[in-house]
Amino acid sequence: MATKSLHKRESDLANSNRQIEILSNGIFKNGELPTFKNKIAESNQFPLQAKKLEILQINVGYMCNQVCDHCHVDAGPDRKEIMTRDTMQQCLEVIKNTGAHTLDLTGGAPEMNPDFRWFVEEAAKAGVKDFIVRSNLTIIRANKKYYDLPEFFKKHNVHVVSSMPHWTRGKTDKQRGDGVFDKSIKALQELNAVGYGMPDGRLKLDLVYNPSGAFLPGDQAAMEKDFKKALKDDFGIQFHNLFAITNLPISRFLDYLIASENYEDYMYSLVEAYNPTAVKNVMCTNTLSVSWDGYLFDCDFNQMLELPVNSDAKHISEYNEDLLEGRNIVISQHCYGCTAGAGSSCQGSVA
Amino acid sequence: MQKTYYDPADLRKFGKISEWNQELGDKFFDYYGKVFEDGALTAREKSLIALAVAHTEQCPYCIDAYTKDGLQRGVTKEEMMEAIHVGAAIKSGATLVHGVQMMNKVNKLDG
Chain A
1 MATKSLHKRE
11 SDLANSNRQI
21 EILSNGIFKN
31 GELPTFKNKI
41 AESNQFPLQA
51 KKLEILQINV
61 GYMCNQVCDH
71 CHVDAGPDRK
81 EIMTRDTMQQ
91 CLEVIKNTGA
101 HTLDLTGGAP
111 EMNPDFRWFV
121 EEAAKAGVKD
131 FIVRSNLTII
141 RANKKYYDLP
151 EFFKKHNVHV
161 VSSMPHWTRG
171 KTDKQRGDGV
181 FDKSIKALQE
191 LNAVGYGMPD
201 GRLKLDLVYN
211 PSGAFLPGDQ
221 AAMEKDFKKA
231 LKDDFGIQFH
241 NLFAITNLPI
251 SRFLDYLIAS
261 ENYEDYMYSL
271 VEAYNPTAVK
281 NVMCTNTLSV
291 SWDGYLFDCD
301 FNQMLELPVN
311 SDAKHISEYN
321 EDLLEGRNIV
331 ISQHCYGCTA
341 GAGSSCQGSV
351 A
Chain B
1 MQKTYYDPAD
11 LRKFGKISEW
21 NQELGDKFFD
31 YYGKVFEDGA
41 LTAREKSLIA
51 LAVAHTEQCP
61 YCIDAYTKDG
71 LQRGVTKEEM
81 MEAIHVGAAI
91 KSGATLVHGV
101 QMMNKVNKLD
111 G
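Listed in order, the protein sequences are those of chains A and B. For what it's worth, this note's numbering labels the leading residue of the first sequence as 1, then goes sequentially. For what it's worth, this note's numbering labels the leading residue of the second sequence as 1, then goes sequentially.
Hints are computed from structural coordinates only; laboratory data are not their basis. Heads up, a few of these hints could be off.
[Unchecked claim] From the structure, some residues in chain B lie toward chain A, with a derived Cβ separation under 7 Å: (1) Gly15; (2) Lys68; (3) Leu71; (4) Gln72; (5) Arg73; (6) Thr76.
[Claimed, not checked] The list that follows gives simulated cross-link-like pairs (lysine-lysine, DSS-like), each with its CA atoms no further than 30 Å apart: (7) A:Lys229 <-> B:Lys68; (8) B:Lys13 <-> A:Lys4; (9) B:Lys3 <-> B:Lys108; (10) B:Lys13 <-> A:Lys229; (11) A:Lys8 <-> A:Lys96; (12) B:Lys68 <-> A:Lys232; (13) A:Lys228 <-> B:Lys91; (14) A:Lys154 <-> A:Lys225; (15) A:Lys37 <-> A:Lys52; (16) A:Lys8 <-> A:Lys52; (17) B:Lys46 <-> A:Lys228; (18) A:Lys37 <-> B:Lys77; (19) A:Lys232 <-> B:Lys13; (20) B:Lys77 <-> A:Lys186; (21) B:Lys34 <-> A:Lys228; (22) B:Lys46 <-> A:Lys225; (23) A:Lys229 <-> A:Lys186; (24) A:Lys204 <-> A:Lys144; (25) B:Lys13 <-> A:Lys280; (26) A:Lys225 <-> A:Lys8; (27) B:Lys77 <-> A:Lys171; (28) B:Lys13 <-> A:Lys37; (29) A:Lys280 <-> B:Lys77; (30) B:Lys46 <-> A:Lys171.
In this text, a Cβ means the ideal position worked out from N, Cα and C, and glycines have one as well.
Use the sequences and the hints to build the structure in full.
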């Protein structure tokens, strides 16, 4: 289990250009596997273009209390990139005027941003239909100052989306660190206690599952059934939906794939599972990702690869929905992660 | 020419068997796909049966394939090992139950 980010370790793979180089060379350069561009061109889906914006996803910082093995953000306690209140203010201007129905706050652990609560309070006033905070659960138990988060989320009608790699301690702790499972269970029970995740309740609690190793997620509906049964039987926990998300081959997951000699097999699995129907609904076509310093990206993954939007509006201060609609999406081989099998997005399967 | 009988990368080429007999290949893969769909047994239960049989058949391709398939379905390593013991128990039981035949023969010849 890593305790430091790739950035802190000064790893070669902390460099986004190096990651893109790896994803463009080898089996993709020698023609063994088709590039993503050629693959989508086969079904006349190139170039991918942005449709009407539905989801505005804001990354408020890369700092996190955990150092998960497969984090695509390379988040951790040693990351200092944190969104300032000034940038948040610029985001709020956009949130007030956006046509998007969903606001999605992510990180890192978004709660660790010192202005997180202020931002949530202000953003909640804008009346966006679905206001998501992606919480890693353990943050709720990490320190006394976070103990009241379930009540805080409830007060602002926040839709909580939380990572939970498995319903067993062993598989969860292997991926996310020792003790994560017990803390996550406690946090879920506390969210349930204030009314989150109840079958007919208005307080939405969804879980995110992503595989603990070099394999793709199984069928989302079947996994949800297994998760619901195990968490209810073992811990009395209830939640609404499970989002099965594929690990994209970037950052720490790419590092893991290469170190464990699984990279080529994993890329084969992604390409073999390519599903043109999933391409129609990939999240970059209805989502915009904002980085901690206010720059705009087609998705959180492109943000981490430092591949900016292909538009004249490149920063939240230049935000213009009309200008951004119809832009060509920036792609590379990591995009196969969103089109494998039933597809994958921050909202789970797409096909 | 490869110097070993098995190459893990050959598993990816399984589908190519149809190239030399499309009709039978298609029929096999249609049948195979149908067998593993949810039915009276769940696809997850079928995956565990396949893993156990993969071991009794000692097919390295099938072991790779159904270990990965199990992981994708959230099957734990404890479940996988128990499934393999079921296969191993039947294999050893099948050997030992023939001991009755040996005993019958001894009793007949030398009883």
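Checked hints:
1. Violation of the interface hint for glycine 15 of chain B is found here, the shortest Cβ-Cβ separation to chain A being roughly 9 Å, above the 7 Å cut-off.
2. Annotation: lysine 68 of chain B was flagged as interfacial toward chain A, and the flag holds, the nearest CB pair being 5 Å apart, inside 7 Å.
3. Because the closest C-beta pair between leucine 71 of chain B and chain A is about 5 Å apart, less than 7 Å, the hint holds.
4. Hint on glutamine 72 of chain B holds. Least Cβ distance to chain A is approximately 4 Å, under the 7 Å limit.
5. Interface hint at arginine 73 of chain B: satisfied, since its Cβ lies 4 Å from the closest Cβ of chain A, which is below the 7 Å cut-off.
6. Satisfaction of the interface hint for threonine 76 of chain B is found here, the shortest Cβ-Cβ separation to chain A being roughly 6 Å, below the 7 Å cut-off.
7. The suggested pairing of lysine 229 of chain A with lysine 68 of chain B holds, with an alpha-carbon distance near 23 Å, which does not exceed 30 Å.
8. A threshold of 30 Å between alpha carbons decides the hint, and for lysine 13 of chain B with lysine 4 of chain A the separation of about 40 Å lies outside it, so the pair is violated.
9. Our distance criterion of 30 Å between C-alpha atoms is broken by lysine 3 of chain B and lysine 108 of chain B, whose separation comes to about 50 Å.
10. The straight-line distance between the Cα atoms of lysine 13 of chain B and lysine 229 of chain A is roughly 38 Å, outside the 30 Å bound, and the hint therefore fails.
11. For the hint linking lysine 8 of chain A to lysine 96 of chain A, the alpha-carbon distance of about 37 Å lies beyond 30 Å, and the restraint is violated.
12. With a C-alpha separation of about 27 Å, the suggested pair lysine 68 of chain B and lysine 232 of chain A falls inside the 30 Å cut-off, and the hint holds.
13. Restraint check for lysine 228 of chain A and lysine 91 of chain B: not satisfied, since their Cα atoms lie roughly 36 Å apart, outside the 30 Å limit.
14. About 26 Å separates the Cα atoms of lysine 154 of chain A and lysine 225 of chain A, which keeps this hinted pair within 30 Å; it holds.
15. Of the supplied pair hints, the one linking lysine 37 of chain A and lysine 52 of chain A holds, its CA atoms being roughly 22 Å apart against a limit of 30 Å.
16. With a CA separation close to 38 Å, the supplied pair lysine 8 of chain A and lysine 52 of chain A exceeds the 30 Å bound.
17. Proximity of lysine 46 of chain B to lysine 228 of chain A is assessed by CA-CA distance (about 21 Å); at most 30 Å being required, the pair is judged to hold.
18. For the proposed pair lysine 37 of chain A and lysine 77 of chain B, the alpha carbon gap of about 38 Å is over 30 Å, so the pair is violated.
19. For the suggested pair lysine 232 of chain A and lysine 13 of chain B, the alpha carbons sit about 42 Å apart, so the restraint of at most 30 Å is broken.
20. Between lysine 77 of chain B and lysine 186 of chain A the CA atoms are separated by roughly 25 Å; this keeps the pair inside 30 Å, and the hint holds.
21. The suggested pairing of lysine 34 of chain B with lysine 228 of chain A holds, with an alpha-carbon distance near 27 Å, which does not exceed 30 Å.
22. About 17 Å separates the Cα atoms of lysine 46 of chain B and lysine 225 of chain A, which keeps this hinted pair within 30 Å; it holds.
23. Taking the CA atoms of lysine 229 of chain A and lysine 186 of chain A, the gap is near 17 Å; set against the 30 Å cutoff, the hint holds.
24. Note on lysine 204 of chain A and lysine 144 of chain A: the hinted pairing holds, with a Cα-Cα distance of about 24 Å set against a maximum of 30 Å.
25. Proximity of lysine 13 of chain B to lysine 280 of chain A is assessed by CA-CA distance (about 28 Å); at most 30 Å being required, the pair is judged to hold.
26. Restraint check: the Cα-Cα separation between lysine 225 of chain A and lysine 8 of chain A comes to about 39 Å, which exceeds 30 Å; the hinted pair is violated.
27. With a CA separation close to 9 Å, the supplied pair lysine 77 of chain B and lysine 171 of chain A stays within the 30 Å bound.
28. Distance check on the hinted pair: lysine 13 of chain B and lysine 37 of chain A sit about 24 Å apart at the alpha-carbon level, within 30 Å; holds.
29. A hinted pair counts as satisfied when its Cα atoms are at most 30 Å apart, and lysine 280 of chain A with lysine 77 of chain B does not qualify at roughly 36 Å.
30. With a C-alpha separation of about 22 Å, the suggested pairing of lysine 46 of chain B with lysine 171 of chain A holds against the 30 Å cut-off.
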